[in-house]
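The primary structure of each chain is shown beneath.
Number of protein chains: 2
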Amino acid sequence: MYKDSSNIEIDKVLEKAEKAFHVYKTCSLKQRANFMRAIAFAITALGKELLKTAAQETNLPIARLETERARTIFQLNSYADAVERGHWLEARIDTAIADKTPPKPDLRKMLVPLGPVVVFGASNFPFAYSTAGGDTACAFAAGCPVIVKAHPAHPKTSTLVAKAIWDAASECKMPDGIFAHLYGAGVEVGEYLAKHPFVKAIGFTGSYSGGKALFDWANQRKIPIPVFAEMGSINPVFLLPRKLETDYLHTAQLLAASITQSMGQFCTNPGLVIARQSEALDLYVAELINQLKEIQPAKMLHEGIARNFNENLKKAKAQKGVKLLYETKGEITVGGGPITITQTNAQTFLSNQKLHEEIFGPYSLLVICQNEDEMLKVARCLEGQLTATLMASSEDLKNHGKLMHAIQEVCGRFILNQVPTGVEVCLSMQHGGPFPSCTDSRFTAVGADGIKRFARPVAFQNWDNVFLPDELKDENPLNIWRTVNDELTRGAMM
Amino acid sequence: MYKDSSNIEIDKVLEKAEKAFHVYKTCSLKQRANFMRAIAFAITALGKELLKTAAQETNLPIARLETERARTIFQLNSYADAVERGHWLEARIDTAIADKTPPKPDLRKMLVPLGPVVVFGASNFPFAYSTAGGDTACAFAAGCPVIVKAHPAHPKTSTLVAKAIWDAASECKMPDGIFAHLYGAGVEVGEYLAKHPFVKAIGFTGSYSGGKALFDWANQRKIPIPVFAEMGSINPVFLLPRKLETDYLHTAQLLAASITQSMGQFCTNPGLVIARQSEALDLYVAELINQLKEIQPAKMLHEGIARNFNENLKKAKAQKGVKLLYETKGEITVGGGPITITQTNAQTFLSNQKLHEEIFGPYSLLVICQNEDEMLKVARCLEGQLTATLMASSEDLKNHGKLMHAIQEVCGRFILNQVPTGVEVCLSMQHGGPFPSCTDSRFTAVGADGIKRFARPVAFQNWDNVFLPDELKDENPLNIWRTVNDELTRGAMM
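Chains as they are written, first to last, in the working numbering: chain A, 1 to 494; chain Z, 1 to 494.
Be aware that a few hints might be false.
To be verified - Some, not all, of what chain A presents toward chain Z, calculated at C-beta under 7 Å:
(1) V410
(2) R413
(3) T421
(4) G422
(5) S441
(6) R456
(7) W481
Calculated directly from the structure, the hints in this document are not laboratory data.
Each residue gets a CB set at the ideal place from its N, CA and C atoms; glycine is no exception.
All chains should be modelled from the sequences, with the hints used to inform the complete structure.
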């Protein structure tokens, strides 16, 4: 039904996007924000049809999809507020000093949009990280047209959301070409897009292989472009001794829920738990298993994901030194897989890189260490992670300074006594850690700071006030915060 | 005399840098700033020996070197102030909301250092973009150890400055390995460094071929790292009709000085001037030539640069449709080359990519357009540039909206009625434009925003106040600006 877009179609779409860029970039912050709010409104207006379609395509329950839709709308509206607030513009002004040697010129700087952005959405978030998801919202916020390649696992949902974006664009009199929606089941469309001269940046959420391919294509272009790919992560959770002793029950409950939430299909799923051997750990494990027994596995997002999950489970269980701790007994839903916990020791984990790989689904590996030194070694050998979590008492923290520093080195978000699943949308969120969790740890995929992925600074030297962008004019007509001669101020310049 | 560093030496240096990183990153902002100020002081203490050595190695006059030394010291001191001011940390706090569904956790975010940074300095700035130059200052500011590969054109100067850095490190009790100094005349040392697992980022100033090689090596690593390479630029200057009519004399004077300053050996040298045919243009050209006749070419930085300059000149003059407008008559200093201006028309320029390439030295090409449309075409066909300049009256600006937008698209700094040479060190400076002038237009090599090249955000979720970094503590002990619940404030939290 959804034929792959042809290269001729893509060329046409990108020519339009390029033209649209030159109009859209001149729209005011208010116009951009209103466009984003109109998209949020149009998505709401799709009503139950959107939820039903997504449920059919993703096997996700309606309640979860309702939450995700609310989050998507919140993202669009809150990033729209951020656009108008203008902090993200990093407006800076340094005024001239004529009697300096040599004279200091008047210099003013702000972020401007990069150009057309291609967004590759995620299968596990049909709304919040897809067609009108975080990347699209950030790109529109920055002033960039967006070209979405619909995820082949939910093309109908994507098409509905695309229609909402076009409706909003038309209502807000946005230039033709501000948004485009393409299909592609294989890699060809993605590759053609990544190499297209009119594409100026890429946002991606998905697998390591997909993100890395885009990163390589983008860097091998004659004119390389930035790729922000949010890829895999096993989100290590370190259980410290005192915390386990005093709170093993609650810790086990939290982790059982986090590992299995949405059938473990979150990029922040805790796929690795590290702890020292102790009686409290035994009690934790017993409680974890008790909790998991109560949870019935559901159908996964699509057949491919379920197949991969089951194959990866088989491989993981077959690794030398890996012991099965728990696996759902009895019948498994077609297209699902068993909730599974395995166990190994630190030495085995340290020597087998296979055990460091993400298994996307309700799976977690428990690594048991003999002592603090082994825990530190495990922390230091980890690849880059979106998140890392410490379950620790104050006493634990005081006793594990080195471990805290080592864990912070590998992650983008460092959590204490909560679980990594659940990514709050706010300015302080960091969703993006060192490679391979992301292609560039200096940016985030969640929160209004994500806008900066798609913008670059331009300095204006010696311009007359009247010809400067409003953001940089003496009188500060937009009433935004700016750094004037190294001081933050919202005031006008005298 | 300066033997290439061996791989064994490099391994040792990087092991030490890695260890130093874990200590240095825990130093306070004040400690980092004081270290940077101590470097500035130690460079001053090198006195005349430094100036004499640099003059011998670079052929630059003492007066110019004095200015550059002052600039280097200003960079170190002003970035040290910026470190303590803390704007660059992008500290954000979002407080918990327990009764939200799901509950909103406490989240706090700030920038943390990436790890050891390798700096490749420039031949044309032996102080300000070399051993203790802008990249080194930014990396130390961010909290990263620095490994400098001395530029093979001025190893003695580099060694003197390295000693100053070590003196400062020792005085400030910095960890062993905070700074290292390596030699390498060929590409091998650079390649080994770019591929080394302990290296976490690269700063480079120099040629396209050098920067692009580093960029490719860094991206092909198992774990890619960011490279900020500031490469070539021809810095187009657009002369608009009304401005030429009313001010051709002053414009010609400004450009004659800018083209020939330091024998044209600046990355912001105006290598391309675009104007419409007119009587005023003829007068401009006549005055430009008058001015250039007064300027005697000097010795260039080193033999290789002089040889390249003379070869590139020969090739440029041999291009079809290119006419020689001016060339220094008479004897040329050994190791120098003639000040040269050529001329062509827009059609020739548009159809010959060779004419878009940088010729490093006192050279500029004048492109004569028939009409505004041709000017616009020239603007749109340009590669990414560090700077672009408009010489224009208010009337010109009102009449050339499209041209203004097109020029802004290709540059990092957009100058009105001044010349591109002279890069002011301040927060509003942008030194970094679209590729190929730089590898990532989202960052700058000059100004305190350059610190952000070497840092990444980490979010702390649900941490007790006492265990948070000082930058994020409730009471704001460092008195820095932070964004708390979307509002900028310097206050403590109640």
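List of violated hint numbers, smallest to largest
1 and 3
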